[in-house]
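S.K.: We have chain L; now place chain E onto it with these hints.
These protein sequence lines are chains L and E, in that order.
The letter at position 243 of the first sequence is residue 243 when you use my numbering, and the numbering goes up by one with no holes.
The letter at position 399 of the second sequence is residue 399 when you use my numbering, and the numbering goes up by one with no holes.
Hint data in this document are derived by calculation from the structure and do not stem from the laboratory.
Since we're looking at a predicted model, the values are computed, not measured.
Careful: at least some of the hints might be erroneous.
[Said to hold, decoys possible] DSBU-like, lysine-lysine: derived pairs with alpha carbons at most 30 Å apart: (1) Lys179/E / Lys82/L; (2) Lys322/E / Lys179/E; (3) Lys468/E / Lys404/E; (4) Lys404/E / Lys343/E; (5) Lys161/L / Lys493/E; (6) Lys289/E / Lys468/E; (7) Lys468/E / Lys78/E; (8) Lys380/E / Lys404/E; (9) Lys161/L / Lys256/E; (10) Lys62/L / Lys404/E; (11) Lys343/E / Lys379/E; (12) Lys429/E / Lys461/E.
[Claimed, not checked] Computed footprint of chain L on chain E, listed as stretches where at least three residues anywhere in the stretch have a Cβ under 8 Å from a Cβ of chain L: (13) 206-219; (14) 389-401; (15) 489-497.
[Stated by the list, open to error] Taking CB as the label site, the calculated pair distances span: (16) His77/L / Ser126/E: 20 to 30 Å; (17) Pro177/L / Gln263/E: 40 to 50 Å; (18) Phe58/L / Ser140/E: 29 to 39 Å; (19) Gly69/L / Lys78/E: 47 to 57 Å; (20) Val76/L / Lys322/E: 54 to 64 Å; (21) Val294/L / Gly217/E: 53 to 63 Å; (22) Lys179/E / Val294/L: 28 to 38 Å; (23) Trp149/L / Lys179/E: 44 to 54 Å; (24) Phe58/L / Ala391/E: 54 to 64 Å.
Just so you know, even glycine gets a beta-carbon here, dropped at the ideal spot from N, CA and C.
Here are the chains, one letter per residue:
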Amino acid sequence: MTRISRLLGLRILQILPVVILATFVVFSFQQLLPGDPATVLAGESPTPERIAQVREQFGLDKPFFQQYGAWLWRVVHGDFSKSLMNTAEVADLIVTRLPVTLMIAGLAMVMTVAIGIPLGLMAVVKEGSILDAALSALGSLGVALPTFWLSMILVTIFAMKLGFFPVSGMVSPVNQPLEALQYAMLPALSLAAAAIAELTQQVRSAMLEFLASQHVRTLRAKGMTEAQILWRHGLKNISVTIITVMGLIANRLLGTTVVIESVFAIPGLGSLIAEAARSNDYTVIQGVVLVMVVMVIVLNLLVDIACAILDPRVS
Amino acid sequence: MNKPAHLSRRQLLAAGAASALLPLLSRGGFAADGGILRCVTPQSCSSLDPITGKSGYDHAFLYPIFDTLVSFDAETMKPIPGLARAWEYVDLRTLKLTLQENVLFHDGTPFDAEAVRFNLERSRTSDRSNIRGDFATVDSIEVTGSNEITLRLNRPDASLPLVLSDRAGMMVSPTAIEKLGEETNLNPVGTGQMRFVSWAQSDEVVYERNDRYWREGLPLIQGLRIKTITDVATALRSTVSGQADIAYGLSELQIKLIERYEQIEARITSSLRLVYIYLNYARPPFDDKRIRQALNYAIDREVLNQALSVGLGEPTSTILPKSHWASDPEAASYYSYNPEKAKQLLAEAGYPDGIDIHCLGLPDQSSIQMQEIILEQVKKAGIRLNIERSAADVLLGRFFGPAKEGAAAMISWSGRPDPSQSFQQLYAKGSFYNTGGGETPGVEEAIETTRGSVDLDERKKAFAAIQKLVVEEALSVPLLFRPDVSAVSTNVKGFLPNLLGKPKFDGVSLES
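Just chain L, same shape as in the assembly:
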């Protein structure tokens, strides 16, 4: 247990520097990019005086470090600032949108595991068969297909033709969880496609490697059935691989929500940051980056802990 608590402590210590570094880098990029938020904030028919006034009102005339420092100072005090563009509290925006993104990414993860692992095992059991070849071809296709393209195909078939699911949008997962699930189905499936393909391949190759090991030869010699070897020993053996891959997939799923939420018009964190980036709304960008970074760190932490529990050699 001390091994795991040491791991935990180390990771928690990492959070602070990583968050500061990430938000600082993003903030620097925004500053380096050309453009001037004041000209946008000053309205459709701005006058030079108005632009100068806006720059002062929003503190955009302050030096770079001072702007970043002021933002960080407020965050440390629990204030995520207001959106430059529409004066909404950034914290409120994140709180209403985070569940949406979590639901879609979470559902995609569930689909990935529920479909990817059985498919991978099936490929192992039927190794060399037509099924195996088909699965591996599908796998390559799944990884190669652009998410936004696949999502349009899925929408055309399942939403427009068959009417099983809504075409776009989302309802609050907190207030209407069942309906939200229905809205989340197609976006999650589009997200999951590549992940399923990847997990299937990984499970297949890890399991084949395991089955080829001397350890398995001994098990066979002991008279264990192939099924027992696969389920009792195989899964346990490749569990560390599976969990590591799942961690990587989860990180990527979160990132891809930026695309998928735009295609499906879903008000989640991804579409929030995309919109904010277009309008130079730096308080919103910073807030979302911060939350995303924390999520990724926590995810990685969970993966590490799980691996440490499953494999005593991990320290």
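M.R.: Positioned in the frame of chain L, the structure of chain E alone reads:
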């Protein structure tokens, strides 16, 4: 024993249950809702406080909540009564507005002359107001009767009635502003047909019926939702599937697609939205009129019309479309495609071997297509465009902000309710969209003249004069008015897009 079989059976059962559930889950919950009009658009709302908005797309979100003092005719943009049932120029420097009576704000505050004064003063002087420039000619605002307000001007300004059909004329409850301050942005209170319910930023604004609306028989719907769907394809799909009743702000290229479906129809209307190249004419190379004219001659507007607007747009050399009350047909057709003439003008200006021009443009697909067409066309005249792309908001800062990058910018001009505003903002000395800030001889006087008479026919003449001047001077490169495209469900009645390109949902009703 038998573990594998057991597990796979469980998986099978789970899969079976899931597939059985799917049809149950679907369908329920998103059938068409009787009286709620559901609109979608690629654009989002920047603020629900009229005076702090940043985008021309805000208006469609604001109109349902806020009536304007003056309204406008949807097809010609002529001013018509709104919350002010009449107005009169007592003399050229005194504008008297007579207000509608028995009007209430959504919070019960009576709408009267004092409320109007409060609003106009706020727009004119507040630190947070983005529209103080609209009141440059206003010296004082006085309540001269319980339903009468008088604006005293420092010089003649006939553009004010239409200015008051824009943000400046949107009346917010004074009680709400005093109570909420900056927060009125998030809790807007007006006199309009719809009361505000909720706003999820860059997602959706929700409205409900104002039962005490002052106009007889309106509104015809129980509620309204305007949802932002940035992808035009997704926006259109939501009307096809019946999730939305109206999708506005679509692309011309989607018209064919809309016509394929029975349940929706395409609504195509002309608009003030103009494909336009801004020039920095305060410094080389565009400080030379011949080079500005050369660029105007070097572009084949009809080809652009076919490519961008499937032939439904209106090629032009001026900033007002033919259906607008102040349009001048001569100015509109001033430049025709003539690369030889362009070449000759360049040679006269000292560039016999052609010229390189640094131009900024937008990065979306349709803009890039346009840039590529223009790039090829002007090459024939010896103009080599070097186009650099950035997102709209960034481009604004680069070209018009202090950086003043680039010699030209291909963006668009969305038009203003009164054409004097447009000419002022685009070409007057020191104004924002005249990025070089330079003064063109005759322009200031010509703009003054357009404001100098309250008679529309007189003004029309003044606008003809300034259009000829601006076009001959080639202060910009107007190219094409693009039509507004909406997909409207067949059960929607009375949706009337306007020339301004900022839809109102006033008389819309839903048939079941």
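S.K.: Each hint needs a verdict: does it hold in this structure or not?
M.R.: Here's how the hints hold up against the structure:
1. Restraint check for Lys179/E and Lys82/L: the C-alpha separation of about 20 Å stays at or below 30 Å, so the hint holds.
2. For the hint pairing Lys322/E with Lys179/E, the CA-to-CA distance comes to about 46 Å; that exceeds 30 Å, so the pair is violated.
3. Only pairs whose Cα atoms come within 30 Å are accepted, and Lys468/E paired with Lys404/E is accepted, the gap being roughly 27 Å.
4. Using a Cα cut-off of 30 Å, the hinted pair Lys404/E and Lys343/E holds, with the two alpha carbons roughly 27 Å apart.
5. At most 30 Å may separate the alpha-carbon atoms for a hinted pair to count; Lys161/L and Lys493/E meet this at roughly 26 Å.
6. A threshold of 30 Å between alpha carbons decides the hint, and for Lys289/E with Lys468/E the separation of about 14 Å falls inside it, so the pair holds.
7. With a C-alpha separation of about 21 Å, the suggested pairing of Lys468/E with Lys78/E holds against the 30 Å cut-off.
8. Using a Cα cut-off of 30 Å, the hinted pair Lys380/E and Lys404/E holds, with the two alpha carbons roughly 28 Å apart.
9. Of the pairs offered as hints, the one joining Lys161/L and Lys256/E holds, with about 19 Å between alpha carbons and a cut-off of 30 Å not exceeded.
10. Only pairs whose Cα atoms come within 30 Å are accepted, and Lys62/L paired with Lys404/E is accepted, the gap being roughly 21 Å.
11. The hinted pair formed by Lys343/E and Lys379/E meets the criterion: a straight-line CA distance of about 10 Å does not exceed 30 Å.
12. Our distance criterion of 30 Å between C-alpha atoms is met by Lys429/E and Lys461/E, whose separation comes to about 22 Å.
13. Against chain L, the stretch 206-219 of chain E contributes 0 residues with a C-beta closer than 8 Å to a partner C-beta. That does not satisfy the three-residue criterion, and the hint is violated.
14. Requiring three or more residues with a Cβ within less than 8 Å of a Cβ of chain L, the coverage given for the stretch 389-401 of chain E holds, as 11 such residues are present.
15. Check on the stretch 489-497 of chain E: 0 of its residues sit with their Cβ under 8 Å from a Cβ of chain L, so the three-residue criterion for coverage is violated.
16. Separation of His77/L from Ser126/E is about 29 Å and conforms to the stated range, judged on CB atoms against 20 to 30 Å.
17. Under the hint 40 to 50 Å, the C-beta atoms of Pro177/L and Gln263/E, about 30 Å apart, miss the expected range.
18. For the pair Phe58/L and Ser140/E, the beta carbons lie near 31 Å from each other, so the given range of 29 to 39 Å is met.
19. Checked against the given bound of 47 to 57 Å, the beta carbons of Gly69/L and Lys78/E, roughly 54 Å apart, stay inside it.
20. A hinted range of 54 to 64 Å for the beta carbons of Val76/L and Lys322/E is consistent with their spacing of about 60 Å.
21. A hinted range of 53 to 63 Å holds for the C-beta pair Val294/L and Gly217/E, which are about 54 Å apart.
22. Roughly 37 Å separates the CB atoms of Lys179/E and Val294/L, a value that falls within the hinted 28 to 38 Å.
23. Separated by about 50 Å at the C-beta atoms, Trp149/L and Lys179/E satisfy the suggested range of 44 to 54 Å.
24. For the pair Phe58/L and Ala391/E, the beta carbons lie near 19 Å from each other, so the given range of 54 to 64 Å is not met.
The structure shown violates the earlier hints numbered 2, 13, 15, 17 and 24.
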